[in-house]
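From first to last, the protein sequence lines stand for chains H and L. Counting from 1, position 201 in the first sequence corresponds to residue 201 in our numbering; the numbering is continuous, with no gaps. Counting from 1, position 499 in the second sequence corresponds to residue 1499 in our numbering; the numbering is continuous, with no gaps.
Incorrect hints may appear among the rest.
[As the list claims (entries may be wrong)] The list that follows gives simulated cross-link-like pairs (lysine-lysine, DSBU-like), each with its CA atoms no further than 35 angstroms apart:
| hint | chain 1 | residue 1 | chain 2 | residue 2 |
| --- | --- | --- | --- | --- |
| 1 | L | 1233 | H | 233 |
| 2 | H | 264 | L | 1021 |
| 3 | L | 1512 | H | 21 |
| 4 | H | 67 | L | 1647 |
| 5 | L | 1021 | H | 233 |
| 6 | H | 21 | L | 1234 |
| 7 | L | 1264 | H | 567 |
| 8 | H | 21 | L | 1067 |
| 9 | L | 1067 | H | 234 |
| 10 | L | 1233 | H | 567 |
| 11 | L | 1430 | H | 264 |
| 12 | H | 566 | H | 21 |
| 13 | L | 1434 | L | 1021 |
| 14 | L | 1233 | L | 1430 |
| 15 | H | 512 | L | 1027 |
| 16 | H | 435 | H | 421 |
[Claimed, not checked] Derived contacts from chain H toward chain L, CB cut-off under 8 angstroms, selection only:
| hint | residue |
| --- | --- |
| 17 | 460 |
| 18 | 546 |
| 19 | 605 |
| 20 | 618 |
| 21 | 705 |
Quick caveat, the hints were computed from the structure, so don't treat them as lab data. Glycine included, each C-beta is placed from N, C-alpha and C at the ideal position.
Number of protein chains: 2
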Amino acid sequence: MRKEEFNVIGHEVPKYDSLSKVTGTVKYPTDIYLPGMLHGKILRSTLPHALIRNVDIRRAARLPGVKAILTGRDVPQVGFGAERDFNPQWGDQRILQATKVRYIGDEIAAVAAVDEETALEALALIKVEYEELAAVFDPELAMLENAPEIHEGVKNNISIHFPLVFGDQELWKQADYIVEGRFSTQLVNSTTMGPRCSVAQYDHAGNLTFWRDTQFPFGLRMELAAVLGMDAKKINLIRTAIGGGFGSKISLQPFDGVCALLAKATGRPVRIAYTREEEFSCGHPRHPFIFYVKTGVKKDGTLVGREARVIVDNGAYNALGPLVPLIAMHPFVALYNVPYLKYEASTVYTNKTFGSAMRGFGNPQGTFAVEQSMDMAAKELGMDPLEFRLKNVNKPNTTSINGLKITSCGLEECLTRSAEKANWSEIRGKQGDKKRGIGLASLIHVGGGARVFGFPGVGFSDGTGTVVKVDDFGKVVVFCGATDIGEGSDTVIAQIVAETLGVDYETVFLHKPDTNSTPFDLGCHASRTTFTAGNSALLAALDAKNQVLELAAKLMNASPSELDIKKGNVFVKSEPSRSMDLVEVVQKGHFNFTNDGDGQMVIGKAVYEPPNEITDPQTIMGNMAAAYAFGTHMAEVEVDIETGQVKVLNFVAAHDTGRTLNPLGVQGQTYGGVAQGIGYALNEETIFKNGKVANAQFHDYKILTALDMPPIQVIEVESIDPLGPYGAKGVGEPGLVPTAAAIANAIYDAVGVRMTDLPITPEKILKALDELKLLGSSV
Amino acid sequence: MRKEEFNVIGHEVPKYDSLSKVTGTVKYPTDIYLPGMLHGKILRSTLPHALIRNVDIRRAARLPGVKAILTGRDVPQVGFGAERDFNPQWGDQRILQATKVRYIGDEIAAVAAVDEETALEALALIKVEYEELAAVFDPELAMLENAPEIHEGVKNNISIHFPLVFGDQELWKQADYIVEGRFSTQLVNSTTMGPRCSVAQYDHAGNLTFWRDTQFPFGLRMELAAVLGMDAKKINLIRTAIGGGFGSKISLQPFDGVCALLAKATGRPVRIAYTREEEFSCGHPRHPFIFYVKTGVKKDGTLVGREARVIVDNGAYNALGPLVPLIAMHPFVALYNVPYLKYEASTVYTNKTFGSAMRGFGNPQGTFAVEQSMDMAAKELGMDPLEFRLKNVNKPNTTSINGLKITSCGLEECLTRSAEKANWSEIRGKQGDKKRGIGLASLIHVGGGARVFGFPGVGFSDGTGTVVKVDDFGKVVVFCGATDIGEGSDTVIAQIVAETLGVDYETVFLHKPDTNSTPFDLGCHASRTTFTAGNSALLAALDAKNQVLELAAKLMNASPSELDIKKGNVFVKSEPSRSMDLVEVVQKGHFNFTNDGDGQMVIGKAVYEPPNEITDPQTIMGNMAAAYAFGTHMAEVEVDIETGQVKVLNFVAAHDTGRTLNPLGVQGQTYGGVAQGIGYALNEETIFKNGKVANAQFHDYKILTALDMPPIQVIEVESIDPLGPYGAKGVGEPGLVPTAAAIANAIYDAVGVRMTDLPITPEKILKALDELKLLGSSV
């Protein structure tokens, strides 16, 4: 179908939940007050590495208002963490530590009290006797022979090591040039505006109702059941509104299990809300990476391959760390046509707060290394970086050497259209007096599911179920397990249902999700919701539509195939004036006047599992996603060589959306992504002093505000994916993936310094400029 | 299937919600506190009949804490009431009266304030100027030519007149004896322990969320939309827990519309909770009836027919009054084999509180008249009343002259088994010194739906939709629109799903119902839930089961038809040791290890419409129900001729359950029904003084307590209905239908007085005994 034939798809639709958000009526978990509710607080380690000799709770237990205290000895010591069931070693976390702490923030004890103040007072009365151990904070030092052992038996603190080779290693010999670089990225926080919070309540039959701002209700329910040792049947996970997630709210965290156990111990509902300090110190940030990258090219500009050694700073626990280097690999292997890759990655424990998922999941790190390497190779070749990329650009219907089946691919169009919009050829290489430059970077990211979630001993799912109910008044209620964390997926799901069923967007209502009432979904991650939940919603709506057409056919003396629905009007396609209101059809189908007992209600349902695959669970190899998203960012910057300050003057972001379902949504996602990407490039960093986060509030941890934003021009490249709902692919994460690399490349264009360590602070710029002068170049 | 083959059906199962009720965790509407919630109160007429000249709200409006005041001039004057859409005249009610009041309690104005006390204070400051009109309280006086006109243009205050004739009038001439009687019944209150309450909240998009202890969420939503003049799509009706209903919570009441309009006017949530006085004064009680009955019999004891003139005391408004004489007719026409009936019924306005639905809906009144007439005829014939009934008893697979198709019928067995259990033949006719006697009465009632609910301009439905979701842990969640008002239908639905799907009762969870998330249901009335919702749940569970068997067939190398499920175990029927855990089947079906993108989730669904019919909406003629319930009560009483006190010594209640799904449920329903029935017979009555309820609290309105109860023996007659779920029929209402008649007949057996006016108070007994002496009989 052509764009103009759609009634809802492609239209600028206000966000489904915007009214409730701007009027303040939406309920975040911290808005929950249950009768008799207690407040929980967690006592955290003040040392980065120590044995716990004793925890004395006696004084705290005597404090009036304290209702329960738990220590590591009181809770099940069940290991949890990423894909624990496929590799038991990965499950290295406990909800409360009984014998050892491994970072400043590790959970030691918990208190439930009548209010937060009392709980905090009780924490101060708990006396922990530690035996301090030597700590290590740098992953390269942690890999040395004599480094402190953070987890028993984990040699050289390497939690996981992937030695991967793809393609033909012989090709490496054909390289005319090999460019090398070391790239490093920092630890950044997801800085969600809403701090995470859980509320737990048991009923008298032992059923647990659990409220959480979770991105993955069905996963959290499963993880909760495991750490609590209870039957998952007895848990209902209610997903509250979410004040931002960005990946940090995907997994179970210790406080979730603690919250449930405090509720169980006291027989009262318990709430635990993170403080901003906890968000910064124990909030599942982005993993820092170190990349040693070699890129081989032929003289004609053909890429022959790459060799990379990658070190992931895991922090104290695995969480999703084992998987993150595997996604960081995607730009190395699949962004351009790369016939050979050697990729050796180690995820290394350190005594710091530990990373998990954050928007892009390794990809911003990997792209920072790859896309600077590309510019370095282009320089070596004497080619324009754009031209070099276009020569190696991925095309539709190709398969990468690691098995990613690229179907739709708008990368070439992203490159050419953004170059045009950004005036690439006019600006590039002409710094002028003002030290201006332009840089670009591209991205590939999963955009059609990510089959990475396994079920213990059974297999994988990447599916979503949806039920669509059309009632007697034409109200369309959608039960979809998908989770909108602010990115607008609810809007897209409502649009897809409205378009497919042929009704107005305003008649579609999404049922508030809990695991009892919605069908399963894999959660909000990997930019999968538009694609998988969208397809599921489309199929369920189609099922409902077919039921309506069956009813209408009887009432209109036509066959269902002769009918269609648009804007709530059921009509004969060949004779549109023969029509009935959908509401009338539904009512007559249900309130059957002939009283023959065959009244019908319209309830459509569907399960969508994308045709992606995982061939090896531990390395998540295989065609992980059923579609891939592409994009190109171009940044124009000005560098103040006196202060080292970088100013982004103009920004162009071209994204391959498959098809744009809601332009406002794509624009919003891109603006937000670019803001995070610029922060990642220039100013965001969690700073540690002896393992302690030194800037655990927004006063010292700077994120971009609206006033800091450059003009951003968004280009939507519609490659019309063959499997996406109405051709759409996911665009949730891509917005920040290439941003830092584009800016670094622009800085090089402006002042000739190659900034390989994030964030690119003024101090680092000045230092690099100084070194450049020492080397004799003139800026 | 034989009884012992069931795993759940027929077993004594604890009530689904018992734990939450006994522990006090269940939420009634009066437990709802929303942030910023206001409290509404209603100013009611203090005169039984008057014109409203002026309503002065100025002083009330100035009271601090008052947020809104509405009068009849501020609200839509939309008529509502029973089946309004089929007969506009029936819609005689308004949510606030603008010009006239018709009973003491009529709604004139409403206030929303910060608390109930302030709202009450404001009511006292509202000044109403009335012009008082003559009032009439007796329906027979109201029908006289010069009676006050209560509704403009309604001649003789007869709201509706049904002159109905069935069968062959010629037969009347064959009567050897015609016995005549006048019977009258009182107005009683449903005396629900939980007073009714509604809470309304609008969001900023104009969507209304409405909480109510309603028996019919989908109906209330529709009625609300009509009286508010809003699109029903924008309403979500959340059915809270219900502290008893008995019919009184079926329909919209003025305070519901007022509550919504106060919420709209203030922009804040508003709650209106009835006081106990309002419950008694404006609470949809049972209609008082007057019957003039003639019964014709042949000498051999064959019934030839009946002629009846019936007057229903409607009170001030119709509500469901127009329909109630049509159900009161059922015992006249269909309890026994009656070849002729002339039935002339008038529903008559009076200036009193108005009836609506109450358990039995006219049937206890009609049965009181019919079953005493039967005893009177038996006496005339010189036959034993039991023998006389057995001669004319209804048999299975017959059709009554008004078109009720009786399929399963256990009436004969009810009569014989209860006679045996009650020692009928030993006690009957042998009063002895203690003035003891035994009496019996039987019943017919709809027990398989009641196709009486019409949709404006479209037709009728009597259906229920159900969705059954089986998740990855074997948790079975049921979405059924049915409403449990305490009678245990949720338990029965969970049992049916468990039995059908082959899982444990404890794994089945019912989703808390609201109109958004559950499929349509016709509400809790007419003892229909077990039959219609039960069948719907059965079919949805069967759909889910078939999906499980399809998955299992692939995993077990068998065809689905070779497999079955019992207690969560999927097995090959011919070789039960070849089996898999249902949870494993569901998980493997969903988390498809082959990654071929065809993972499935188990979601079953079904719509059940019983094959009943209505051929004339206004007289609800046709085979209204797909099954009919029968029963016999036998009461043994002792009459104190000094005080007039009647003591029920022993009580036997035999009920045709079709099949007993939960013996505890049937027993509970019967105990409760008999308690209400004895109260109806002997002590309950709403007393009026000049139109004002004089006993509007439990201190003066006496209901039976546990200490007042006689021993009750329940007999379950399992006639195995051909269409009922597992053969079951509805037994919700029957428990009280014949009770009063049985007691009156027992009193006659004990002391020889025919008590034709309810309640049978000691004063009336003494008066009757006095009259008997005057007539020369000796007691």
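Verification of the hints:
no.: 1; hint: L:1233 with H:233; in the structure: holds (33 angstroms)
no.: 2; hint: H:264 with L:1021; in the structure: holds (20 angstroms)
no.: 3; hint: L:1512 with H:21; in the structure: holds (26 angstroms)
no.: 4; hint: H:67 with L:1647; in the structure: violated (54 angstroms)
no.: 5; hint: L:1021 with H:233; in the structure: holds (22 angstroms)
no.: 6; hint: H:21 with L:1234; in the structure: holds (19 angstroms)
no.: 7; hint: L:1264 with H:567; in the structure: holds (29 angstroms)
no.: 8; hint: H:21 with L:1067; in the structure: holds (25 angstroms)
no.: 9; hint: L:1067 with H:234; in the structure: violated (43 angstroms)
no.: 10; hint: L:1233 with H:567; in the structure: holds (16 angstroms)
no.: 11; hint: L:1430 with H:264; in the structure: violated (63 angstroms)
no.: 12; hint: H:566 with H:21; in the structure: holds (30 angstroms)
no.: 13; hint: L:1434 with L:1021; in the structure: violated (43 angstroms)
no.: 14; hint: L:1233 with L:1430; in the structure: violated (65 angstroms)
no.: 15; hint: H:512 with L:1027; in the structure: holds (19 angstroms)
no.: 16; hint: H:435 with H:421; in the structure: holds (21 angstroms)
no.: 17; hint: 460; in the structure: holds (6 angstroms)
no.: 18; hint: 546; in the structure: violated (14 angstroms)
no.: 19; hint: 605; in the structure: holds (5 angstroms)
no.: 20; hint: 618; in the structure: violated (15 angstroms)
no.: 21; hint: 705; in the structure: violated (27 angstroms)
Of the numbered hints stated above, those contradicted by the structure are hints 4, 9, 11, 13, 14, 18, 20, 21, listed in ascending order.
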